[in-house]
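*Asks:* Single-letter residue listing:
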Amino acid sequence: MSNFKRIGIVLLVVAAVAVVAGSFKGSDVLDRAIILGLGVDADENGGIILTAEVVSPGNGTEQVGTFSKNVTVKGETINVAIQNIAEVTGKEASLGQCVVLVLGQEYYETVDFGDLTEYFINHHSFKESAVICCCEGSAREFFNKGNALSQSMSLAIATALLDQAEKIAVTNNSLLQYARSQNELDRSGFLNKVSFVPSDNKDAQLPDKEMGYIGYREICVFRANRYVVLLDEQLVKGMSLFLPDTDGETFVSFEDVVTRTVQVTNKDVNIDPDGKGGFEVTIKLTVRYGRTDSEEVNGPISAKGDKEIPQVILDDVAEQARYVAERFLAAQAEYNFDLLDFHEAYRRKQGYSISLADKPMSEFPVKLTVKVDES
Amino acid sequence: MDKNRVSIDQLALLYLLLVMGGKFLTLPSLLAGDVGHDSWLSVAFSFVWDGICLCFLLWAIRINDGCKMDISAILDRSVSRPITVALMAIFFVIFALRINVLLSSCFKMFSVTFDVSANWIVYVLPVAALAFFALTKGFNAIARMGQLLFGLILIAVVALFVSPFMEVELGALLPIGEAGWGKILLTSYTRSFWFSDYIFIYFVMDGIKIKKHVFAPILISFGVGALLCITLNAVFVALFGYLAPDFDMAMSKIGVFSAASTANGRWDWLTLSIWLISVFIKVTVFIFCAYKCLEKIVGVRFAKFNWIAAAIVLVTLSLPMFVSTRQLLDTVIKWGVIPFTLVQYVLPLLMPLLTATARRKTEMCHE
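Protein sequences, first through last, are from chains A and B. Note that my numbering has the first sequence beginning at 10, numbered continuously upward. Note that my numbering has the second sequence beginning at 1079, numbered continuously upward.
Note that these hints are calculated values from the structure, not bench results. Quick caveat, the model's predicted, so the values are computed rather than measured. Hints may contain errors.
Okay, derived cross-link-like pairs now, DMTMM-like style, lysine to aspartate or glutamate, Cα gap no bigger than 25 Å in a straight line [as the list claims (entries may be wrong)]:
1) K358(A) - D1112(B)
2) K1146(B) - D1087(B)
3) K285(A) - E1256(B)
4) K1186(B) - E353(A)
Where chain B lies over chain A, by a calculated footprint (3+ residues, C-beta under 8 Å) [stated by the list, open to error]:
5) 186–195
6) 223–230
7) 281–291
Beta carbons are placed, not taken as given, at the ideal position from N, Cα and C, and that holds for glycine.
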């Protein structure tokens, strides 16, 4: 091959690469409003108010490093509201890194938000594994508490619910799990409820700065994307007893005049259909004395170490566990929601049927057995 | 040295890449739409048929050892030239359709997952350039490429699988066979277009370098590939439930479902990009086969790169500009499964007999 041919081929390849590369329209990261979290509130006109925590990479003219800011827009639908973020930020909204979706109290209590979850679940960039939760008060105000946490509110919620919740006996939900729960079988499911809990400011440098942390020990129950009931801390504790993946439940008992804190370290849960339309539920808890810094300690400091737990305390813990578990089962029957997948258990045995999907929770009798052993 | 020569080990690795490439795009959602959470059973049945046919094809390769007859020579000598041409035409249609379905699925994935937009021609040209370059270098170059990238792609696939597999509750697949066994089997047949990846082996039969083992390496690859595909389908439907039929990009959806990665960026995009290489390798192999089909149809062995044949293949790549993948699936592919069965499932079963017949009529075979 002559040199002219070689040069010609190289030029041709360079030209082809330039044309092809130039034809792929990506977008510069600086032109994108990278959203970490979204908060949704009800608008009085029937639309929504959307608050987005947007992260902006520093680009020389801005702050060096990465920082986030909250922007709030309105829209008739979620789609319009997200488009409106571009108006406020001057950048295209990017949802690929969004880790949390927070629903404001007025919104989730009054609106059927099925179209909202459908939008995000079908969005190609939005992660189905993102956290969805509801908050006390408006989502906008909640996001603006980020300064009080001294960190990104979205990341704080994600860390709390994904990393910490299951260690303190609180279950959590992803967008996918929630969306499925609202469309399958009895169509009931839950969202964690987060709230900002103020704490004392002991910072002499910034004495006026608001400080606090995120509380997440309550759960809101929904059926077909409609709010049903709020489960308080005790009911959530009762629910977690049925869930083998959560642990850290604590019980306070008394040995003579000393208050003892007992902590669940392991759990074996069997929820078996009894073949007569009900369930036989066995919960085996393995416990140990809580550390001296455990929560729920009242009175004298509880013991630490390998001290043997007396049978009387084990019996007391079993009784307490049974009580909170039965309270939770009663709430399920009263408000007719199924967070323990009773319907799913029968579907797996018998297959899907409309009569099964419509079966009320009060028609699932439960024989509950609670056993407590020392670890 | 024959540039189309390929060793059994290379063939096995390439086959595994082909099995994994492409089945994690639109197929899982289509199957979920047909038979719900039993879709993994449909995939399993499809692989059972594939396994049987593959064994027969490997038997034919064993018989062909020493003869180095290509597929058209075998068919010409065992049946007749017109039947050879007809079968090659069917093969060409299958390859053209599969290339287009794969490319359009990837195109969609690029535009919706990575938010990169381009027009079809600009998207197809680099892929075609790669494939035609590989054609000039021979099948051995493609096999070597697969060999080099195999480890990386396998790691990416496993990385995409691990998190969702650890999290999913496989009990959601119960009761087994809820959709009805007849429907599951029928779906396995109606969606057979996505299977029988071994059909590329027909077009490299004359170049296969046989040492000791023929069956073991390829059947192991097939087994691993089948297991991965069945597992992915099971995980996909168990994870997404009623939403599975709506998620037409299974791999991009399944990779994201990892609680650990939720607050740690989108590493699933990296592994997804690496896995996509296997799709492009599959497209390259199928373009090679489509080109070879034309060679067999006209009955001339192209001594050098044939621009006319390449141009015909290139023209077929413009199909998605006029017909959407959905339209293709609902029309040509829906009814095409019947003639396609001939080359996907009937021909392999006959191949040992046909090869033995052709061998008897050939004098230059070495024992």
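*Asks:* Decide, hint by hint, whether the structure agrees.
*Replies:* Each hint tested on the structure:
A C-alpha spacing of about 21 Å is found between K358(A) and D1112(B), which places the hinted pair at or below 25 Å, so the restraint holds. Of the supplied pair hints, the one linking K1146(B) and D1087(B) holds, its CA atoms being roughly 18 Å apart against a limit of 25 Å. Using a Cα cut-off of 25 Å, the hinted pair K285(A) and E1256(B) holds, with the two alpha carbons roughly 21 Å apart. Restraint check: the Cα-Cα separation between K1186(B) and E353(A) comes to about 35 Å, which exceeds 25 Å; the hinted pair is violated.
Counting residues of the stretch 186–195 of chain A whose beta carbon lies closer than 8 Å to any beta carbon of chain B gives 4, which meets the minimum of three for the stated coverage. Under the rule that three or more residues need a Cβ within less than 8 Å of chain B, the assignment of the stretch 223–230 of chain A is violated, with 0 such residues. Note: the stretch 281–291 of chain A has 0 residues with beta-carbon separation from chain B under 8 Å; the three-residue rule is not met and the coverage is violated.
The structure is inconsistent with the numbered hints 4, 6 and 7, although it conforms to all the rest.
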